[in-house]
Amino acid sequence: MSVYDGSALEVGQVVAEEEYALSRDSLVRYAGASGDFNPIHYRDDVAQSVGLPGVLAHGMLTMGLAVQPVVEWIGDPGRVVDYQVRFTRPVPVDANSGALVSVVAKVGALDDGVARIDLTVTFEGATVLGKAQVRVSLA
Amino acid sequence: MTVNQELVGRVFPPTEPYLVGREKIREFARAVFATSAIHTDVATAREAGYSDLVAPPTFPVVVQELTLHQLLAEPDAGIDFTRVVHGDQRFSFTRPIVAGDELTATLSIASIKSLGGHSMVTAESAIVDAGGGHVVTATSTLVVRGDE
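Here the protein sequences line up with chains S and R, keeping their order. Numbered by this note's numbering, the letters in the first sequence go through residues 1 to 139 in order. Numbered by this note's numbering, the letters in the second sequence go through residues 1 to 148 in order.
Since the hints were derived computationally from the structure, they do not count as laboratory data. There may be inaccurate statements among the hints.
[What the hints assert, rightly or not] Pairs of lysine-lysine residues, derived as DSBU-like cross-links and limited to a Cα-Cα distance of at most 35 Å, are as follows:
| id | chain 1 | residue 1 | chain 2 | residue 2 |
| --- | --- | --- | --- | --- |
| 1 | S | Lys131 | R | Lys24 |
| 2 | S | Lys131 | R | Lys113 |
| 3 | R | Lys24 | S | Lys106 |
| 4 | S | Lys106 | R | Lys113 |
| 5 | S | Lys106 | S | Lys131 |
Using the sequences and the accompanying hints, generate a full structural model.
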């Protein structure tokens with residue numbers, strides 16, 4: 001079921017690309033699934049009271065979906081051995097139009113049966129996750 | 001309020017065991033837009049060599065969350081929850097989490113650094129199974145904004 005061929009991978013190669021349409025429903029669903037009920041993720045008034053433009057996506061939701069194109073490519077979530085991100089910019093989710101998050105996954109390094117996949121995760125053209133790296137086992 | 005530097009090196013008591021359920025994995029997988037049948041279909045997970053459904057890579061945050069509550073509730077920590085922003089996150093796996101795992105997390109504070117009036121608290125939660133075997137370590141850097 002796996003679609004990769006480790007020997008054919010090259011540094012710089014794009015292995016997956018995907019877009020995710022977030023809505024307020026997505027945020028409520030993630031709040032329930034994760035147990036993170038911080039109201040800045042579902043109440044504009046609370047978000048604005050702490051100086052935010054409005055409701056934001058959970059950083060952990062953005063992190064959670066950004067790895068999915070890599071999981072689909074490699075075919076097995078158990079091959080993810082390490083995953084890290086830096087939260088550099090919030091993703092505001094409009095009540096009506098939502099937010100479209102784009103993910104591009106590229107081979108960053110190949111080392112001893114492990115590929116480091118670097119993610120570029122953007123919203124409205126700006127990067128929202130820094131140093132987003134997934135290490136997947138190819139063995 | 002400033003973050004107590006004496007937290008560095010502190011190891012908290014292990015959390016109560018968290019039993020990973022199939023429906024929780026399915027619910028979480030759907031919430032993070034995961035599509036792999038290894039998260040949702042037991043037969044597919046077994047064909048792939050796992051004993052049961054495999055949790056998505058960021059699922060450990062559910063268990064880690066219990067430890068972050070311990071940190072924020074620590075009376076001498078000096079951390080005001082309303083001033084905390086999530087800076088970095090990392091998951092380092094020995095093996096994936098599967099349904100049926102009974103997980104316990106132990107929090108330790110790896111470092112506290114000051115940067116431009118803010119404090120960067122690095123919290124490591126080591127998550128082990130019922131047999132004491134390491135499953136995953138979840139590391140968060142929390143940015144605690146200084147007084148304005």
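Hints, verified against the model:
1. Of the supplied pair hints, the one linking S/Lys131 and R/Lys24 holds, its CA atoms being roughly 29 Å apart against a limit of 35 Å.
2. Simply put, S/Lys131 and R/Lys113 have alpha-carbon atoms about 20 Å apart, close enough for the 35 Å limit, and the pair holds.
3. A hinted pair counts as satisfied when its Cα atoms are at most 35 Å apart, and R/Lys24 with S/Lys106 qualifies at roughly 31 Å.
4. Restraint check for S/Lys106 and R/Lys113: satisfied, since their Cα atoms lie roughly 32 Å apart, inside the 35 Å limit.
5. Between S/Lys106 and S/Lys131, the direct Cα distance comes to roughly 13 Å. Compliance with the 35 Å bound is thereby established for this hinted pair.
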